[in-house]
Structure formats: C-alpha cells, structure tokens
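For the record, the sequence lines run as chains A and B.
With this note's numbering applied, the first sequence corresponds to residues 5 to 159, in that order.
With this note's numbering applied, the second sequence corresponds to residues 14 to 218, in that order.
Some hints could be false.
For each label pair, taking beta carbons as the anchor points, the in silico distance ranges come out as [said to hold, decoys possible]:
1) B:Val69 x A:Lys67: 35 to 45 Å
2) B:Ser125 x A:Ala41: 42 to 52 Å
3) B:Arg126 x A:Ala41: 42 to 52 Å
FYI, nobody ran anything at the bench for these hints, they're computed from the structure.
If you're wondering where the values come from, they're calculated on a predicted model, not measured in any experiment.
Just so it is clear, CB atoms sit at the ideal spot from N, CA and C, and this is done for glycine as well.
Residue strings, one per chain:
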Amino acid sequence: MGNGNRGALLALTGLAAAILAGCASEAPPTPVVSAPAVSPDALVGKWGLAAYHKDADRPRTVKEALAQCNKPYVIKQGPNGGLMMYLADNAQIQELVLKPGTNGVTYLGPPGDAGTTDDRQVLNVDPNSFTTIWVDPDNAARYGTMVYERCGKRT
Amino acid sequence: MTVRSGLFLRAALAGAIAAAAFVLPGVFASAQQVDMNVVDQPGYVPSPDEEQLSSVYEKQEVFFRTNEAPGTVVIDTSQRFLYLVQPNNRALRYGIGVGRDGFQWSGLQRISRKQEWPDWRPPPEMIERQPYLPRFMAGGPGNPMGARALYLGQTIYRIHGTNQPQTIGHAVSSGCFRLVNDDVIDLFDRVPVGTKVIIRQAVAL
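Let the hints inform the model, and build the full structure from the sequences given.
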C-alpha cells in the first residue's frame with residue numbers, strides 16, 4: 005500500500021470514528037407516540053362473538069357471531085375513556101385501552117405498554133365488525149381468531 | 014377462577030385421587046365418583062401423554078352378557094363405561110365422562126346424526142360464569158366437543174370427544190357423554206345413524 009492510499013485509509017478511519025462518536029453522543033430518538041388508529045367509540049356496543057382457528061371457517065364464523073346476539077358481548081365506555089371488557093380467562097370486567105403499536109398495529113389491553121401478553125391485536129375494524137387475536141401465544145392457540153359482529157347494524 | 018388456576022386445582026385433585034388409590038386402594042372406587050365440576054378449556058389441545066387413559070378406562074373387549082343385538086350401544090352412567098355390543102356375549106368397552114349430579118339421565122335413544130369436528134356453543138350458564146368466552150367456536154383441535162359427535166335422537170345430548178382427557182371416568186358434563194378423541198373416532202366409525210343407544214343410570218341407595 006502506498007503513502008497516498010495509507011493517508012486515505014487513515015482519513016476514512018478518522019471519519020468513521022467521528023461518525024461513531026457522534027452517534028454515541030446523540031440522545032436516543034424520542035419515540036413518536038401516535039393516537040391509535042381505532043377510536044374506542046367504534047368498539048362500544050353489543051356484539052355477537054365467535055371464534056375460529058382455520059381461515060376457511062371465517063365466513064361461517066361471521067354468520068355464527070351474528071346468530072349469537074341473544075347472548076351478546078357488551079362493550080361499554082369506561083370512566084376514563086377506555087372500554088369495559090374482559091381479559092382472557094378472567095371473568096372480572098375491567099377498563100381496557102386502545103394502544104398504538106410501533107408496527108402500525110392497534111392493541112387493546114390494560115393501560116401501559118402496547119403488545120404485552122395481556123393485550124390483543126385489533127384488526128379489520130369497520131362500523132359493524134372487528135376482529136381480535138391474543139398476543140399471548142397460548143391464548144391465541146386456545147381461542148383462535150375472535151370475530152365481533154355488531155348486533156343491530158349501524159347504517 | 015381462571016383456567017390456569019383451574020388446571021392447578023385439577024392437577025391437585027388428580028394427585029389426591031392417585032394418592033388415595035395408592036395408600037387406600039379400597040377407597041378408589043368411591044374417590045373416582047367425585048364430581049370434578051371442572052371449567053371447560055376451549056382451545057386447549059392435550060398432549061399425547063395427557064390423552065393416555067388409565068388402564069381401566071382404555072378401550073378394551075370385555076365379557077358382556079346382554080339380550081341386546083350386536084351393534085347396540087349401552088351406556089352405564091354409574092360405572093362410566095360405554096359398551097358397543099359384539100356377538101357372543103362380548104362388547105367393546107370405552108371409558109367415558111358423564112353428567113354431573115343433577116345432569117344424569119337414562120333412556121332409550123337412537124343415533125340421529127353424526128358430525129366430524131363439531132362446532133361448540135357454550136351453554137348460557139357457562140357464558141354467565143365465563144363471560145369472556147366466544148359464544149361459538151368452530152370445530153377443530155382444542156374444541157371442547159372433540160373430534161366427533163354422535164347426536165342422541167332429538168335431545169340436546171351427544172356422545173362426543175373432548176379436549177379434557179383427564180375428565181374421563183368423572184361426572185363433569187351437563188348430560189353429554191364424552192370419550193377421548195381416539196375412542197370417539199373409533200366409535201364413530203363403527204356405529205351408523207339409527208343405532209340403538211340405551212342409557213342406564215343405577216339408582217343410588
């Protein structure tokens with residue numbers, strides 16, 4: 005390697021060191037906290053609730069959910085703006101909140117970090133239906149995909 | 014009670030029964046009559062080890078004296094056995110779970126319908142107790158109805174599989190008869206629609 009090349013290598017090393025030092029001294033980026041894409045109001049109401057494990061069963065599960073409106077799953081607004089609902093395997097109703105995830109997914113669970121094992125993902129929200137999948141793999145395996153169909157459709 | 018704590022209680026109960034049988038073999042017959050009153054575990058898929066029944070409840074051919082024709086199903090609620098009558102005073106015997114106290118019944122029915130991987134709709138009292146449950150669960154592994162269902166006449170009762178093999182030999186259901194999935198698949202393949210089913214319930218003195 006000639007002197008010219010050695011000089012260039014040293015310059016590049018210095019530049020890299022400066023960049024790394026600069027990175028190390030920078031404050032970590034502040035996470036951007038956005039509002040959840042789903043409004044709590046969209047989930048308030050009486051719902052027929054049904055579940056499936058195989059995608060092929062989704063169409064008939066949706067029909068079955070509607071047929072279960074005589075035993076509705078009722079979601080009311082909580083005192084703090086959340087939603088009064090149940091966690092998996094817990095018959096105690098409690099206030100849950102919608103939480104934006106870093107991956108664009110909306111989570112529903114106890115106040116706190118998004119995507120914890122008590123949470124469920126909220127998918128496919130429209131005025132008359134939504135779908136949830138538990139984050140906890142055990143709960144997800146046992147309950148599968150849960151479909152909520154509004155009893156008395158909103159027009 | 015959560016399912017997890019329910020699992021713990023069930024394990025504790027099973028351990029207690031096993032311990033009683035080991036220490037006092039004479040009390041085992043009465044210990045196994047305990048009404049477990051378990052919480053269903055929708056979605057739970059048991060391991061092969063969990064599906065292994067104790068020898069008395071394993072499917073086996075036994076001596077069975079009866080005037081019923083071969084092919085008839087006889088359910089002995091008090092003994093927790095289902096018999097499929099064979100020729101020459103023989104029968105195939107399967108271990109079953111039966112209705113808990115107040116939910117046992119007797120009668121004569123016929124198989125009116127057969128269904129592979131039946132769907133499950135928890136009864137209203139169960140929804141009241143476990144309001145977080147889906148009101149409908151499509152059939153499949155982990156479904157409380159198990160792999161097969163044989164409908165009994167026009168009643169609400171069925172012979173079906175289960176995802177809770179630990180309940181075989183116990184009084185746990187709302188009046189249905191449950192077998193482990195391998196056994197209910199075997200029975201399903203042997204009995205056609207129209208099969209005569211006799212449900213016997215011994216009178217407690």
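Here is what the structure says about each hint:
Taking the beta carbon of each, valine 69 of chain B and lysine 67 of chain A are about 43 Å apart, inside 35 to 45 Å as hinted. Between serine 125 of chain B and alanine 41 of chain A, the C-beta spacing of about 49 Å keeps the proposed range 42 to 52 Å intact. Between arginine 126 of chain B and alanine 41 of chain A the Cβ separation comes to about 45 Å, which falls inside the hinted range of 42 to 52 Å.
Going through the hint list in order, the structure satisfies each hint without exception.
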